[in-house]
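K.L.:
Residue strings, one per chain:
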Amino acid sequence: MKEATTTTRIVPDEKGRFGAFGGKFVPETLMNALTELEAAFEEATKDPAFCQELNHLLSEYAGRPTPLTYAQRLTDELGGARIYLKREDLNHTGAHKLNNALGQGLLAKRMGKKSIIAETGAGQHGVASATVAAKLGLSCKVFMGEEDIRRQSLNVFRMKLLGAEVIPAVSGSRTLKDATNEAIRYWVSNVEETFYVIGSVVGPHPYPYIVREFQKIIGEETRAQILQMLGKLPDEVIACVGGGSNAIGMFYPFIQDDTVALRGVEAAGQGVDTDKHAATLSLGRPGVIHGSLTYLLQDENGQVQEAHSISAGLDYPGVGPEHAYLKDSGRVTYTSVTDAEALEAVQILCRTEGIIPALESAHAIAEAVKRAPQMSKDEILVICLSGRGDKDVLTIQDALESEKGGER
Amino acid sequence: MTAAVNRIDRLFEDRSRKRFIPFITVGDPTLEATYQLAHALVEAGADLLELGIPYSDPLADGPTIQRASERALENGVSISDALQLVGRLRESGMEASLVLFSYFNPILQYGVERFFADLAKYGADGVVIPDLPIEENGPAVDAAKKYGIHVISLVAPTSDSRIQMIGEQATGFLYCVSSLGVTGARASLREDLADFLDRVKASTKVPTAVGFGISTPEQVRAVAPHTDGVIVGSAIVLEVERHVEQLKDPEQSAEAVEKIKTFVHQLASALQ
Ligand SMILES: Cc1ncc(COP(=O)(O)O)c(C=O)c1O
Chain A
2 MKEATTTTRI VPDEKGRFGA FGGKFVPETL MNALTELEAA FEEATKDPAF CQELNHLLSE
62 YAGRPTPLTY AQRLTDELGG ARIYLKREDL NHTGAHKLNN ALGQGLLAKR MGKKSIIAET
122 GAGQHGVASA TVAAKLGLSC KVFMGEEDIR RQSLNVFRMK LLGAEVIPAV SGSRTLKDAT
182 NEAIRYWVSN VEETFYVIGS VVGPHPYPYI VREFQKIIGE ETRAQILQML GKLPDEVIAC
242 VGGGSNAIGM FYPFIQDDTV ALRGVEAAGQ GVDTDKHAAT LSLGRPGVIH GSLTYLLQDE
302 NGQVQEAHSI SAGLDYPGVG PEHAYLKDSG RVTYTSVTDA EALEAVQILC RTEGIIPALE
362 SAHAIAEAVK RAPQMSKDEI LVICLSGRGD KDVLTIQDAL ESEKGGER
Chain B
638 MTAAVNRIDR LFEDRSRKRF IPFITVGDPT LEATYQLAHA LVEAGADLLE LGIPYSDPLA
698 DGPTIQRASE RALENGVSIS DALQLVGRLR ESGMEASLVL FSYFNPILQY GVERFFADLA
758 KYGADGVVIP DLPIEENGPA VDAAKKYGIH VISLVAPTSD SRIQMIGEQA TGFLYCVSSL
818 GVTGARASLR EDLADFLDRV KASTKVPTAV GFGISTPEQV RAVAPHTDGV IVGSAIVLEV
878 ERHVEQLKDP EQSAEAVEKI KTFVHQLASA LQ
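In the order they appear, the protein sequences are chains A and B. Numbering of the first sequence is given in my numbering, commencing with residue 2 and proceeding in unit increments. Numbering of the second sequence is given in my numbering, commencing with residue 638 and proceeding in unit increments.
Simulated from the structure, these hints should not be mistaken for lab results. In this text, a Cβ means the ideal position worked out from N, Cα and C, and glycines have one as well. Treat the hints loosely; a few may be bogus.
Said to hold, decoys possible - Pulled a few chain A residues facing chain B out of the computed Cβ check, cut under 10 Å:
hint, residue
1, Ala34
2, Gln73
3, Thr76
4, Asp77
5, Arg175
6, Asp179
7, Arg186
8, Val261
9, Ala262
10, Gly303
Extracted from the complex, chain A is given alone in its bound form:
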């Protein structure tokens, strides 16, 4: 069956605001490009040929729809809600990022651009962009923090193998925030011929809206799949939040379903009582980062603070403006889990289900480890498994070995 969702849609207003959040806080040089992008997107999504080409690529190239897997052994282990995993890890290239990269890549082509740029933290969005560039015959530059280049060497190699140029960002914390600054700087300089493929529901309008529209397929499929399997909606849905694209993609089609509880999970790093975390919605204050008004980790002078997480994809001091809106409206609950809890969750999922999750996704699993036992056996819990852990095995190995070393 085709999903029977949303009667009312949350659309940003003409200024690109979700409530008080969002907007276009960018240098004047980019304003025209954003207006053009807005128009091109509206036009493309009304064009059956564009939608058909995207759907074709999503099914025959990306491997959609991804399965919804009942996690029997994880359910038994936790002893509570019945747990289902939405398997974005089975997308080509290993994460949900490809849904959006394909959409924006096609849009770039439609707008006559020959080169794309992207920023990346964990490298998954960089790999997705490099992949799409190869598939569509575009050139691709990926901006990546030096620290992330070190942490995610496997993904750096994949991007290069796919023909992309990886450009290290050496300012600030040398992570995703700085890669995004560098990508924006490059874009300002080359805006006439370059399309900027943003990797999450962040940045100036219309990006948070466009990325959500390309990612909502996650929740639409999930909703249809669970209805078909069980004849009812889930009681709770959990997803990790870095910028927030897999989470918004999963949540959006359930927003109108009042009986479905939605939980977004941020990275608490070494703990929300330390200064080494990435819990933007829990601990940030409204501010402007990368073109958007949203929750932001910052000091009292408005200087952006560095975020920390064992997971490079969650290590971001901002968050998508729609999440800021959903937090303030109370529709979504945001929590956080620590590096240690995420590592524990990786091992639980490996042991019970034979799936190595990405460290990002492990945050959602860790939240489920806490939540499921509090729920009854006839309740349904869906976790968005945003990506697979191949890229993270070295980080996981290092962390587990130093844990063991610490015990000795």
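Guided by the hints, dock chain B with the ligand onto chain A, whose structure is given.
P.N.:
Chain B with the ligand only, in chain A's frame:
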């Protein structure tokens, strides 16, 4: 409070003279150095000073001004320090127009209303907010009007159909971004720059000034006929960077300031 004519308006009353507008970062490398440099720049021929408030994520800036921001932030320089520096310059008798340059987030955290009240209180005349396009600047412009301060709008070579709209709303002067991209010295300017500047001029009643990438007396001379003011940032900040150690040292700072002054004088005198 708004009785006095804003210094920027007074400055551009006589449009037969071109105005020179240097940029430095507040607190680079120390607040004291900025105070000394500000005076030196005015003596070297500056009509209006643009003082940058250091920011952790200056996404409209190139590496030169990014490094200046980092040096200032190492000393913990904040928006309050910049406002107080303006006050100190006024107390010492400085008459040149003073415009602060700040990304929007520090202003938002300081409080938009409070920021403009304090600009007026300490004697600043305007503010450039590079990540606040006209679609977003409503609250800032409302507060600015109340306190007699100008929010300086920017217009870029890509602004196209927006030029008219921006030109009509502009107050103080209109900041024309000379090239695509971030701040930073450039070897050459766009070929269509003169056309762009002339188009902007035709779109607005307020004076225009051109900046971003202008770094040599030749470039200053080339753009002068098409504008009322020329802004030079990174080239001066690079010169400050060359003298950072001396500027920090009370024994040697006067000499360093003198060298930077000579450099700026060459740029300023290319204008007339
Ligand atoms: C597998 C995976 N999940 C989640 C994220 C976080 O991004 P978002 O919050 O936009 O889904 C990333 C980012 O790199 C990722 O690679």
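K.L.:
Determine for every hint whether it applies to the structure shown.
P.N.:
Against the structure, the hints:
Below 10 Å, beta-carbon pairs count as interface contacts, and Ala34 of chain A has one with chain B at about 7 Å; its hint therefore holds. Contact between Gln73 of chain A and chain B, as hinted, is not supported at the beta carbon level, the nearest pair being about 46 Å apart and thus beyond 10 Å. Annotation: interface hint on Thr76 of chain A violated; nearest CB of chain B at approximately 44 Å, more than 10 Å. The beta carbon of Asp77 of chain A comes no nearer than 47 Å to any beta carbon in chain B, farther than 10 Å, and the hint placing it at the interface is violated.
Using the Cβ-Cβ criterion of 10 Å, the hint placing Arg175 of chain A at the interface with chain B is not satisfied: the shortest such distance is roughly 13 Å. Here the hint on Asp179 of chain A is kept, as its CB sits about 8 Å from the closest CB of chain B, short of 10 Å. The beta carbon of Arg186 of chain A is positioned within 10 Å of a beta carbon in chain B (closest approach about 5 Å), and the interface hint is therefore held. At a threshold of 10 Å, the smallest CB-CB gap from Val261 of chain A to chain B is about 34 Å, leaving the interface hint violated.
The beta carbon of Ala262 of chain A comes no nearer than 33 Å to any beta carbon in chain B, farther than 10 Å, and the hint placing it at the interface is violated. The interface hint given for Gly303 of chain A holds, since its Cβ lies 3 Å from the closest Cβ of chain B, which is under the 10 Å cut-off.
When held up to the earlier numbered hints, the structure conflicts with 2, 3, 4, 5, 8 and 9 and fits the remainder.
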